[in-house]
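Protein chains in written order, with the numbering used here: chain A, 1 to 322; chain B, 323 to 683; chain C, 684 to 1092.
Calculated from the structure, these hints are not laboratory results. Keep in mind it's a predicted model, so treat the numbers as computed, not measured. Do not rely on the hints blindly, as some may be mistaken.
Straight-line distance between alpha carbons at most 30 Å, and here's what the computed DSBU-like set of lysine-lysine pairs gives [to be verified]: (1) B:366 / B:347; (2) C:915 / B:606; (3) C:727 / C:742; (4) B:606 / B:527; (5) C:933 / C:955; (6) C:1003 / C:955; (7) C:955 / A:222; (8) C:827 / A:249; (9) C:825 / A:249; (10) B:366 / B:449; (11) A:178 / A:302; (12) B:527 / B:366; (13) C:1003 / C:880; (14) C:880 / A:249; (15) C:727 / B:493; (16) C:933 / C:1003; (17) B:366 / B:606; (18) A:222 / A:46; (19) B:527 / B:493; (20) B:527 / C:933; (21) A:222 / A:178.
Computed Cβ-Cβ distance ranges for the label pairs, DEER-style [said to hold, decoys possible]: (22) A:194 / C:883: 44 to 50 Å; (23) B:596 / C:724: 19 to 25 Å; (24) B:479 / A:21: 21 to 27 Å; (25) C:956 / A:219: 21 to 27 Å; (26) B:665 / A:39: 44 to 50 Å; (27) A:313 / C:1047: 34 to 40 Å; (28) A:199 / C:919: 51 to 57 Å.
For every residue, glycine included, the Cβ atom is placed at its ideal position computed from N, Cα and C.
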Amino acid sequence: MEPVTMAKAINLSLRDALAGDEQVLVFGEDVGTLGGVFRITDGLQKTFGVDRVFDTPLAESTIIGIAVGLALRGFRPVPEIQFDGFVYSAFDQIVSHVAKYRNRSGISMPITIRIPFGGHIGAVEHHSESPEAYFTHTAGLKVVAPATPGDAYALLRSAIADPDPVIFFEPKARYYMKEEINPSLEVPIGSARVAREGSGATVIAYGPTVSLALDAASAAEKENISLEVIDLRSLSPLDMPTILASLQKTHRAVVVHEAPVFGGFGGEIAARISDDGFDLLEAPVARVGGMDAPYPPSRYEKLYLPDVDRILEAVDVALAYG
Amino acid sequence: MADVVQVVGTDDPVRPLFTAAGELKADARSGLGLDAAALRDLYKKMILIRRADQEALNLQRQGELGLWGQYLGQEAIHVGAVAALEPNDWIFPSYREFGMAMCRGVDPAEMLTWFRGLSHGPWDPRKYAFAPLAVPVATQVPHAVGFAMGSRLRGSDDVVLGTFGDGATSKGDWHEAMNFAGVFKAPVILLCQNNHWAISVPLAKQTAGSIAERAPGYGFPGIRIDGNDVLGVFAAVRAAAERARRGDGPYLIEAMTYRMGAHTSSDDPTRYRLDSELQTWSAKDPIARYRSWLQGQGHLDDAAAAAIDRAADTMAEQMRSRLRAAVPAPAGEAIFDRVYERPPGPFIEEREEFEASLEGT
Amino acid sequence: MADQTFRLPDLGEGLTEAQLVTWRVQEGGHVEVNEPLCDVETAKAVVVIPSPWAGTIQKLHARPGESVAVGSALVTIAAEGAPAAVEPRPAEGVEATPSTLVGYGAGAGPQAGSRRRARVAPSAPQAGSDVRAAPFVRQLAKEKGIDLARLTGSGPGGRITRADVEGAASPPAAAAPAPEPTPTDGERRISVVGIRKAIARQMVRSVSTIPQFTEFAVFDATNLLAARERQKQSGRSLTPLPYFIVALVKAVRAFPLMNSSWDEARDEIVVKQPINLGIAVNTSQGLLVPVLRGADQLDLSAIADQSARLIEGARAGTLKPGEMSGGTITITNVGASGPVETGTPIISPPECCVVAFGAIKPRPMVIDGEVVARSGAWISISVDHRIVDGALATEFLTALVGELEHLHA
């Protein structure tokens, strides 16, 4: 198979899901005729018709609200939230209903909410946010974020097939990353992968920061520092066994995400490591992330977001602990 | 799926049944096709759900329930609307619709375990086509619309009733859902129980306009009717449902009523409303009105009325004793059982640890 | 027929009490189920309480006007054919008697201790519990049977590294264990553990690895006391310590070598950028040295706040290990009261300099050729001769005295 972009891989995954299960519905703002502002749903309406792939009015809360109603009616809705910064108006529907409906009714909500997230695209305000921690904090949801085209394809298949609601975060800065994908490979929700093996310290990343972590590992190699990189893929549930297995080797961990560090998902990882792997640690778990400031105007985003240097700095500090 | 927005008002089968004041016209009342038994049954249901309401309040005062939200005065809407639907037409309630749930056959004692702190959803919504309660105001309206869109996609002729209060019409979810309903021509009846009060805020402070008249702005008709007339509610919902079943889309009914009780058992309405207002509405009590109409029609004699009262007493006693006997589910089950269909490993571990921590207590 | 006592329920989501307004029944009277018993006023509303049972009123437990706590007895009824309170079968983990939500008020909760499990027994305090080593290094030492307190850390701040443990695990020739000493008459053996042991190790390391010398000076504290007085009038009394720190930081900025360390392995002097000031604190456990980080970035008031917090924390034993490490220069005091004027402080390795202040008190000074009584105090500094020679030390001490005498804060 020719290498494909992540955008195309997600498109193929939606296409295969729509073809494989006629209960699957794709809807949201501009996803039909236009094929989505990122062209992720390009051509789907043409193939599957206006009943299964449709444009909605511009109202995030009710895009998710009708997904609940459609799920009750037996469909598998795959709504799209156009940009990370627009999900907030749907927060009540996601937290109060998508996440809790099964708990009050016994009826599952096989809803997959796709949200392009993260920065690095030079966008205007509200288009570069990393809201994942709001959702990992909500019981009843599953939260995933692929970092590669292959994982994007496979994880989305798993998400749509899952009987429970899944928030699917797409790293929009990696939409045009290319690789060959194998549609027959399965990636179950809840499984991390070791993206690069190493021995000196473990860099834990997800979504857009995985390739950054790999760049940092290549740079560190030149200084004879060996970094292992873990791509979490799934934030909730979190694959602790893979993290702990890595720490058995390295004894040091650096977590990298674009979201602000304070109250960020990295805090949960650090806490879990101190719970389950205290005796493995030779250094405190370091966190590298966005500043505790609102996402800046795009001219400043490269300074705000974690970069290779900030990852390596954190690695240096971790390694300095004897 | 989106169709061209329809022309408003060309196909309104509800409005001709009502006077301009929202009263059911005499010929429409006599043309409902309900026989004496069916008419009596509406009465009986109103008596039963009012008795259950009163018993639930007593149970709350006796410490058996953590909270109770009365629907006293709104029985005509609860009974009339449910009677006008087919059993498989889903209803999406807010949180004051226990009367509606009872009319759908949900066991009142089981329902009350919600207020007893034993369950977030005591009944299987699929069994009764009755969705779980929705506490965040107006959030159920998009669900009703989505479900109706699904019915349409399925090619099914079932319709959906989404019900809410006057306060809900202030919320974004309500407007968004109205808009979706219009755009997708969803087979949904949007039933506003305008009881004049959202906790302590009166209708005049809730909205400056007419709720019913908002519907045309969303591309479908709406009407304000007397919500204390069970036959009026029945007639409006049935006509709106038939219209939706035909594929003509949504309909908004604003049923004017009055919350004669407090917002909930924790509330004190004397702090914000005048007794005179309550007196005015007591005179329009839906049950008293309907009883005298039935008697006038010769459909309800004293013996029949007494039998219905006795049935209500029996129901209340059973409700009380069955509620007290309700067996709480084990804590592990109550807390964890219904969260995920496919629970993740760490979630299962937490449950196991929790359950192990309970052993021997 | 059984006497049943009805207790005041929580009538409104988290209430804890209600005031009895009036009884609608009397003792000896008969009541039906749901017949009104009484009116009570809660924080939210006045409500009528209906009787849960039918029967004869045996006892009214409260008088009108009285406050009744949620869960307290309200009325006892000889209940007719009472379904002796249908007690549901208790389920695992759910309160055994949920037949009424009485006592469900905000104040009530599961009895503390009812579910508490035997906790992992805390291990006896170990020798060298103040040792600085990462969890994994401790684990490794435990596995290899090595007492971390016996090791000298080679990592930053004396931190024991994995390499230290691995090195100790395979010593070239294991020293024979010291024979058990036999106590003789007239002596008492005090086992040395914890902080005492750490101090001992640190001091041995200092005097055995750092060639240090000490210089002394006296400074005129008139301006310092005047500055304190001004501060006091603006509403805040400070000890002399924050002023000493401000002056010291200024002097160190002018003499950065004082804020450095000697890198034995590489024969290099490492000049430190931030001034992390160790403050020697005498505690009941022994000498502790909390570190005021980035003292060069703080103003007088922040220095006062943070040093006070650190000193208090050291005394209370609440400081985290991270707050007692990473110092670059240390300040101590000698003879806060009494006749002692000064002493020769010992450097805290790997630092270069330690400064000791004596007590400020009136002493004779020669001002413009006249002997006058002025407030003053001794300062002594000990410095690492590998880094600093006598001349530089003298210049530094002179500068420090100058800063102290010209304080205007």
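Whether the CB-CB distance between residue 313 (chain A) and residue 1047 (chain C) falls inside 34 to 40 Å: For residue 313 (chain A) and residue 1047 (chain C) the Cβ distance comes to about 56 Å; the hint is violated.
Given hint residue 178 (chain A) paired with residue 222 (chain A) - CA-CA distance at most 30 Å: Roughly 26 Å separates the two Cα atoms, so the pair holds.
Straight-line alpha-carbon gap residue 955 (chain C) to residue 222 (chain A), limit 30 Å: holds (27 Å)
30 Å Cα cutoff - pair residue 606 (chain B), residue 527 (chain B): Cα-Cα ~23 Å, so holds.
Restraint check for residue 527 (chain B) with residue 933 (chain C), where alpha carbons must lie at most 30 Å apart: Roughly 65 Å separates the two Cα atoms, so the pair is violated.
Straight-line alpha-carbon gap residue 527 (chain B) to residue 493 (chain B), limit 30 Å: Between residue 527 (chain B) and residue 493 (chain B) the Cα gap is close to 14 Å, so the pair holds against 30 Å.
Given pair status - residue 606 (chain B), residue 915 (chain C), alpha carbons within 30 Å: violated (75 Å)
Verdict for residue 194 (chain A), residue 883 (chain C) (Cβ pair) under range 44 to 50 Å: holds (46 Å)
Distance restraint between residue 366 (chain B) and residue 606 (chain B), which requires alpha-carbon spacing of 30 Å or less: Holds, at about 18 Å.
Distance restraint evaluation - residue 956 (chain C), residue 219 (chain A), Cβ atoms, bounds 21 to 27 Å: For residue 956 (chain C) and residue 219 (chain A) the Cβ distance comes to about 25 Å; the hint holds.
Proposed proximity, residue 449 (chain B) with residue 366 (chain B) (alpha carbon, max 30 Å): holds (23 Å)
Verdict for residue 596 (chain B), residue 724 (chain C) (Cβ pair) under range 19 to 25 Å: holds (21 Å)
Checked against the numbered hints above, the structure violates hints 2, 12, 14, 18, 20, 26, 27; every other hint is satisfied.
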